[in-house]
Amino acid sequence: MDFAIQTRQLTVAYGAEPALWSVDVDIPLLGMTGIIGPNGAGKSTLLKAILGTVPTLSGRVELGAGDSSHGSSEIGYVPQRTGVDWDFPTSVLDLVMMGTYGRLKWFQRPGKNERAASMEALRQVQMDEFANRQIGELSVGQQKRVFIARAFVQQASIYLMDEPFAGVDAKTEKMLVEILHRLRDQGNTIVMVHHDLTTVTRYFDHVVLLNRTLVACGSTSEVFTSENIERAYGVPCKPTLDSP
Amino acid sequence: MVSEGLSHAVLPGLVTAFIILQDYDSPLLLIAAATSGLLMVWFTQLLQRTRMLYNDAILGIVFAGMFSVGILIVSSNLRNTHFHADCIIDGNLALAPLDRLIWHGVDLGPRAWNLMLGMFVVVVGFISICFKELKLMSFDQILARQFKLHPRFLQFMWLAIGSLTTVAAFEVAGSILIVALMIAPPAAAYLLTDNLARLLFIAAAIASVSAVGGFYLSAGLDVSPTGPIASFAGFVFLLVLAFAPKRGLIAVSIRQMRQRVAVSDCLVLDLVERQALSVDGLDDFAVKVCMPVRECQNALRRLQQRSWIEDRDGQYQLTSVGRNHLSDSLRGFGVEWAVAKT
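Chains H and F supply the protein sequences, listed in that same order.
The opening residue of the first sequence carries number 3 in the working numbering; numbering runs sequentially from there.
The opening residue of the second sequence carries number 71 in the working numbering; numbering runs sequentially from there.
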């Protein structure tokens, strides 16, 4: 089986206590993977370690070569709401175009092609009519869609998201999930930190259960069991198997 | 705030280098002062990482501390030199044209003018070459690093150039004017545009207008130019704050008033549709729906003017145009069309 992301012996510590302890996860190529665990389990830290934005004490992170049809193993990161300066003087279209900067040479400015690609990405998430808005004027769900569009123009094949549904109402969550499932069906890998246990079986193909160490990792039907959840959360808990 | 800090923190480096070199024209002076500025930035970031203090408290501690060390050195060792506390705060813009740059006997104009021209070329060059990289660096460090744009190095360069600009301007402008011109024009420009490139141009234009305007003002008033230029920049900011077309205080309050009127018109329209309202029963109606009588009255007048309601046998009734407007607006608000048609 091909893997989009593999970690081996990954250990990260912020202070006296480790946030992640010797974590080996295999996140398969294609499909949607949820990183699940209690507060302080190191879920966000795992994402940051994959992105390489936190120093690791030990271990390594490997990104898979990406499948040939897509041709890139570029990571598109959708930040948490609090990690963004929403007052920054930039428009929606401008923000999405930032996703093309990696392809441009130093000193090169984004041109007509980049603009067209960004508009197309905005159309994909139905945000094209907001192209000229200042980013702070958007609702939370719209902000998420704009960042997904940016990952899209980055030609990412792996989308990393830190709790994309935090502070989002049910209707918006449904819309975001539809967009993400469409991206998955187009041959992308989606990895997100997720909090709501009741929707796990409906949203995810694969699950990483984490509580500083890896509790379990694999396909949702095999891994998302009451024993594993109890091990991760330390309290008895029955998974809700609501039908799609 | 960082620019304010920079303008103060360059002082200890400047005076220490002067004491060692005893040479007023040495370029090493500039480098020492810029280093001092960078030291402040580094020290600030160090304290920020401890997360024990608020950011503004950190800046206050670091730059006030460094500035006071500088002033201490000046007043104990350099009492009778060019470095004087008044000069440091106010600068000596009026005397700047007298200090000429002579090269092989050729007068190349005021020294400060040449220096600032050089800085202008460096700053404009740096920003125009690395514009997209700088923009991404300041907005999203994670993506900048992912794209291998070396955000840390860029940030260091950015701060170094900021520090160098401050130092270069320090002698003629003094710390107060530097702070005024570094903060007021961009703050005004920020109210006028959402586009970073346009913001930079507007800020530069406002700063230039303030400098020229303030200078002539000072000539007219026969005072040192520092104060008038700073006040001019502050005045332009206040004007923009009041009159900016989208974010200005006046535009915002007009917009809010209009929105309030539109919503309350709609509300009254909806109430008229659902509750019977006779032409002379306004007071009872207002009590029933808990709205100020005046506001009801105004809304009814506006609705009649637009012929969204009409007087039918002493009873207010929605016209078909009014009904369409109501259903359109309610749909626009995301409120379902809930009026039972009778």
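Simulated from the structure, these hints should not be mistaken for laboratory data.
Any given hint could turn out to be false.
Unchecked claim - Here are some chain H residues pointing at chain F (derived, C-beta under 7 angstroms):
no.	residue
1	Y79
2	S93
3	M100
4	G104
To be verified - Counterexamples of contact, computed for chain H against chain F with all Cβ distances above 12 angstroms:
no.	residue
5	P20
6	R125
7	N134
8	Q156
9	M177
10	D187
11	R233
Don't be surprised by glycine CBs; every beta carbon is placed ideally from N, CA and C.
Check each numbered hint against the structure and report the violated ones by number, ascending. 7, 8
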